[in-house]
Structure formats: structure tokens, C-alpha cells
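Asks: Sequence:
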Amino acid sequence: MSQLPSPQTVVSRRAVLKRGAVASAISIAGLSASSGAAAAQRCEIVVPDDYGTIQDAVNGANNGDTICIRQGTYDEDVTVNKAVTLRGRNSPNGNNPAALDGQIEITQDGEGASVRRLHISPSETFLGGSFPDPAGVLVKASDVVIENTVIEDFNADLSNGEGSFTLHGVQVFGAGVSDVTVRNNVIRGFKSDGDATTWPNYGGIAGVKAQAGVENVTVEENEITDHHSIGWVWGIVLTSSGSASGVPTDITVEKNHISGLNDSSVYDVFASANDGRDAAPYPGSAFGIDDHADASEATVRQNNLLAPNGVESKDGDGTLVAECNWWDDRSGPTHDDNPDGEGIWALERGSATVDYTPWLIAPAPSNACVGGKGGGNGNGAGNSANQ
Numbered sequence: 025m026s027q028l029p030s031p032q033t034v035v036s037r038r039a040v041l042k043r044g045a046v047a048s049a050i051s052i053a054g055l056s057a058s059s060g061a062a063a064a065q066r067c068e069i070v071v072p073d074d075y076g077t078i079q080d081a082v083n084g085a086n087n088g089d090t091i092c093i094r095q096g097t098y099d100e101d102v103t104v105n106k107a108v109t110l111r112g113r114n115s116p117n118g119n120n121p122a123a124l125d126g127q128i129e130i131t132q133d134g135e136g137a138s139v140r141r142l143h144i145s146p147s148e149t150f151l152g153g154s155f156p157d158p159a160g161v162l163v164k165a166s167d168v169v170i171e172n173t174v175i176e177d178f179n180a181d182l183s184n185g186e187g188s189f190t191l192h193g194v195q196v197f198g199a200g201v202s203d204v205t206v207r208n209n210v211i212r213g214f215k216s217d218g219d220a221t222t223w224p225n226y227g228g229i230a231g232v233k234a235q236a237g238v239e240n241v242t243v244e245e246n247e248i249t250d251h252h253s254i255g256w257v258w259g260i261v262l263t264s265s266g267s268a269s270g271v272p273t274d275i276t277v278e279k280n281h282i283s284g285l286n287d288s289s290v291y292d293v294f295a296s297a298n299d300g301r302d303a304a305p306y307p308g309s310a311f312g313i314d315d316h317a318d319a320s321e322a323t324v325r326q327n328n329l330l331a332p333n334g335v336e337s338k339d340g341d342g343t344l345v346a347e348c349n350w351w352d353d354r355s356g357p358t359h360d361d362n363p364d365g366e367g368i369w370a371l372e373r374g375s376a377t378v379d380y381t382p383w384l385i386a387p388a389p390s391n392a393c394v395g396g397k398g399g400g401n402g403n404g405a406g407n408s409a410n411q
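Per this note's numbering, the very first residue in the sequence shown carries number 25; after that it's consecutive.
Think of the hints as simulated: they come from the structure by calculation, not from any bench.
Heads up, none of these hints are tricks.
Calculated cross-link-like contacts (lysine-lysine; reagent style DSS-like; alpha-carbon spacing at most 30 Å): (1) Lys338 with Lys279; (2) Lys338 with Lys397; (3) Lys338 with Lys215; (4) Lys397 with Lys279; (5) Lys215 with Lys279.
Using the sequences provided together with the hints, build the complete structure.
Replies: Structure representation (C-alpha cells):
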């Protein structure tokens with residue numbers, strides 16, 4: 025995972041004009057020396073200088089504006105319905121981030137929007153019956169980028185029995201939504217409590233979900249870790265929807281580090297039959313094809329799959345291609361067709377199939393994608409030139 029950009033100086037063009045000053049050089053993360061780059065990266069609006077809240081800034085912005093957000097905690101939910109960029113001034117991993125105590129929804133009118141360098145962590149505990157499902161960022165528009173953002177510490181309690189839901193880090197949702205990139209984010213520390221013995225008194229967690237007829241979604245270089253639920257946990261998952269048509273197509277999942285998902289450190293997920301894989305709480309899956317999604321539409325490669333299940337597919341018609349991933353052991357995943365495999369599970373539900381060969385024999389990113397190629401012994405020893 026690449027490093028989050030370091031904080032730089034942010035100056036509002038609007039504030040400069042207010043002071044009657046001549047527009048000057050403006051620097052934020054990623055600024056190059058060229059004037060063209062400076063123009064592309066400047067801040068048309070700064071919060072709280074120009075507007076006291078992020079939502080007011082969005083309301084007052086024009087398409088194409090960058091809204092730069094200074095350090096502090098902003099207690100609000102934000103609806104983005106324009107092609108604007110929300111950009112935190114400081115590193116979201118540092119001591120003084122632009123912190124949102126709430127959620128962001130990018131509506132269909134927000135096509136071309138982006139979220140960068142924010143820290144999203146609501147203080148609310150979401151209770152059973154919450155609607156819609158909570159999400160750090162809910163994307164319902166095309167041509168959207170979510171990048172360099174920390175989304176953490178979401179909490180739910182569904183023990184009241186009023187309805188189940190999934191906590192999401194980033195949810196990309198809707199028929200016709202396309203060209204969405206989720207890159208270099210940290211999504212960590214979600215917890216969903218409840219009662220696993222009674223439905224619907226428990227729910228789940230998804231670090232990143234692509235749902236319904238979304239297409240051309242790239243999920244890369246993210247760290248998704250430390251999520252625990254009395255129900256289910258997905259690191260990254262593709263699924264259908266009861267309220268929107270279609271299934272995800274052309275999905276790329278690369279160079280993500282996914283770990284600590286319902287690994288029995290919080291809930292005793294291995295107490296039931298079949299190592300707990302068929303009863304809640306379920307062991308977490310780093311990547312999954314859920315009900316009615318098409319496994320053949322996903323490419324999963326160069327990821328560190330360190331959850332109890334590295335991948336899990338429920339699609340009995342298509343093959344999930346999950347080659348060149350690290351399964352936490354050079355012998356490859358645990359699977360009936362890999363008898364020497366001592367790594368993380370590659371789980372096929374029903375008649376589903378997963379193509380996991382070859383696999384990495386060292387953590388991703390790596391050129392050592394030779395596991396299973398040599399001698400049929402599952403240890404990658406047949407291609408020593410690449411080890």
C-alpha cells in the first residue's frame with residue numbers, strides 16, 4: 025500500500041479574492057511545478073474559512089470546484105450532488121485530520137465527484153432498523169474516486185430485532201453506475217454486535233461492496249482490517265440487490281491488504297459445525313462473490329488475503345479467477361485440490377469454482393507468482409529462477 029500524501033499549504037481562491045489579493049500559488053497534495061497542475065489542484069472553497077460546514081460548502085460550490093477542509097471534527101452527514109472534490113488539508117492518518125463524524129452520500133448528480141484525504145468515523149452506534157445501510161461513503165454516481173481516506177470505528181448493535189443491515193466502508197451501488205475507483209484507503213475497526221441465535225438480530229460488515237449493475241469498478245491498494253461481526257464480514261464483496269437491477273461487471277481487485285476479519289479474536293466463529301463456516305458468526309472472507317453475482321466478472325490478483333477465508337464464491341455458474349495472490353503460506357491456499365496447501369481457505373460454496381493457481385509464494389506485491397506451477401506439489405518449487 026502506498027503512503028498517504030503529506031499535508032501541504034491550502035489557500036482558498038475565494039478567500040484570496042475576498043481580501044482583494046492577487047491569486048497566488050496554491051499548494052496541496054500532488055501539486056506539480058506546472059501552472060496547469062496548480063490550476064487543477066487549487067481550492068475554490070476552504071472549510072471553515074468560507075463555509076462553516078462541509079454541506080454548506082457543497083451547496084455553494086460549482087461543478088469542478090475543489091473544497092479543501094481544514095483540521096477539526098465536522099459533525100454532519102454530507103450529500104454530494106455535484107462534481108466536486110472534497111479534500112482534507114492534513115493527512116487523515118495524522119493527529120490533526122479533517123474528521124467527519126458522519127457519512128457521505130454521492131448521489132447520481134454527483135457524477136465526477138471525489139473524496140480524498142478525509143477521516144470518516146461516526147460516533148453514533150447504529151441500531152437495528154437503521155435505513156439505509158450505514159456507509160462511510162455511499163457512491164451512486166459514475167466517474168467517482170475515493171482515495172487516501174481513512175474510514176474507521178463504525179459500530180452497530182442489532183440486538184433489538186428491528187432489522188438487519190450491513191455496515192459499509194465504501195458501497196458502490198446502482199444500475200448504470202460505472203467507472204468508480206476506490207484506491208489507497210484504510211478501512212478498519214468496524215464492529216457489529218447482536219444475537220446470532222435469532223434472525224434478524226444480527227448483521228454484517230463489508231469493507232468495500234459493489235452492488236447491483238455497477239461496472240468498471242477498481243478496488244486497489246487499500247488496507248481493510250480488524251472487522252468483527254456477530255454475523256458476517258466481507259473485506260471486498262460483489263452482490264446483487266433487491267432494490268436495483270443487474271449484477272456487478274468488470275470488477276478489478278488488486279494490491280489490497282485484507283486481514284483480521286472475524287478471525288475468532290472477538291467472536292467465537294469456529295464453535296459450530298464445519299469449522300463455523302455454515303453458521304453465524306461466520307469466519308470473515310477477504311473477497312467474496314455473494315448471492316447471484318457473477319464470479320467471471322471479477323479479477324482478483326496481487327492481494328494479501330489474510331482472513332479466515334481468502335476468497336469465497338457462491339456462484340455455481342462462473343469461475344472466480346483469483347490467481348497470483350498471497351494466501352499467507354508459500355504452499356498456497358487450503359483447498360481440496362491442493363492437499364499440501366497450508367494457507368488461507370479458498371472456499372467454494374456448492375458448485376462454485378475458484379481458480380487460484382498460480383499463487384504468490386511471498387506477500388504481495390510480488391513477482392513470485394509461481395506457486396502450484398512446478399511438480400504438482402503445491403509449493404512453487406518448480407520455478408526457482410523466480411523465487
